[in-house]
Amino acid sequence: MAGVRLAGIAKRFESGGAPAVDGVSFEVHDGEFAVLVGPSGCGKTTVLRMIAGLETPTDGRIFIGGRDVTDLAPRDRDIAMVFQNYALYPHLSVRENIGFGLTMRRVAPAEIAARVMRVAESLGIDELLARRPAQLSGGQRQRVALARAIVREPAVFLFDEPLSNLDAQVRAQTRGELVRLHRRLGTTMIYVTHDQVEAMTMAQRVAVMHRGQVEQLAPPLEVYHAPSTLFVASFVGSPTINRFAGRVAAGGATPVFEGALRLAVQAPVAAVATLAVRPEHLVLVAPADGAAAEVTLIEPLGPETIVHVRLAAGEEATLRIQGGRVPGLGESVGIAVRVAEALVYGADGRLVGRGAA
1 MAGVRLAGIA KRFESGGAPA VDGVSFEVHD GEFAVLVGPS GCGKTTVLRM
51 IAGLETPTDG RIFIGGRDVT DLAPRDRDIA MVFQNYALYP HLSVRENIGF
101 GLTMRRVAPA EIAARVMRVA ESLGIDELLA RRPAQLSGGQ RQRVALARAI
151 VREPAVFLFD EPLSNLDAQV RAQTRGELVR LHRRLGTTMI YVTHDQVEAM
201 TMAQRVAVMH RGQVEQLAPP LEVYHAPSTL FVASFVGSPT INRFAGRVAA
251 GGATPVFEGA LRLAVQAPVA AVATLAVRPE HLVLVAPADG AAAEVTLIEP
301 LGPETIVHVR LAAGEEATLR IQGGRVPGLG ESVGIAVRVA EALVYGADGR
351 LVGRGAA
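Residue 357, in our numbering, is where the sequence shown stops; the numbers in between run on with no holes.
These aren't lab readings, by the way, just hints derived from the structure by calculation.
Predicted, not measured: the structure shown is a model, and the values here were computed from it.
For glycine and all other residues, C-beta sits at the position ideal for the given N, C-alpha and C.
Heads up, a few of these hints could be off.
Listed next, with one range per pair, are the computed distances between beta-carbon atoms [to be verified]:
| id | residue 1 | residue 2 | range |
| --- | --- | --- | --- |
| 1 | A340 | S25 | 30 to 36 Å |
| 2 | N165 | P303 | 27 to 33 Å |
| 3 | E27 | E304 | 36 to 42 Å |
Build the full structure now, drawing on both the sequences and the hints.
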């Protein structure tokens, strides 16, 4: 096993062009499951490919297990990578696909057979070993790709959106299998996805990327409850976080956020600020007891209901209601904030404070 450390890596695909990755530095600890998440084009796959040796950094260094591997070929980095498209050889059987890397390394046939069977049994694909990839479902092909990576017993596993081609039910099942696999193997895993659900449910730490940089690297619940930037707050969470433009003004002993919502905050006085509140941290009250609003859309989801409202100031907001009375469409309501959960961001989009409970 081995940790992975990136020291100021950058990547430009065109000389003088904007960097796809811009000075990224972070460390994935030995045995950790880390997830890189972000929108398309944020640089997450490029980072993964540089760790794998499939792309060469323009700047910076890459260390695996304390060894500088920046200039090493992929085969010399002791990593295994699982791709989005599985990358299986169609003319080979499942058995041959799984053992292909060991065959190329001239491992003894008896050992290859034993290792292939052991891994296939652990992933529940031992009855498929004689089949060809064309005879497998998407979920089965993904397990074969995982088996091919596992059988090599690498120091680091790299995953490039491996579940994106699966349907929702199989994807959810495979997520759980990957987490259990990590617990069993204890090997360092770095996983790239654009799906925040995958990131939040699988990772021990999440790195949220935006425009070639890591905006926050932290455990999933910290990323959700204390996002360090407005981008992270907006990207993570569904429905998306509510944002209210305004300012933080002096309010005696405690500053006050002034906008469509007004509340005391623990934040520096500033000419421009944004109040961000998760849908579950907005509550319905009587019209006279909160900011006036009108219900514009209701989305019943079984255990919860998503309620969309338009405030008197014209701003839109979303509430997540679990139990209790659900208002009717067009009904006049009041909106209040669970003050301790409110987040305040400065003009640069960085977290500067919270609501004053």
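Against the structure, the hints:
1. Checking the proposed 30 to 36 Å range against A340 and S25 shows it holds: the Cβ atoms sit about 33 Å from each other.
2. The hint said 27 to 33 Å for the Cβ distance between N165 and P303, and at roughly 29 Å that hint holds.
3. Remark: the range hint 36 to 42 Å for E27 to E304 is upheld by a beta-carbon distance near 38 Å.
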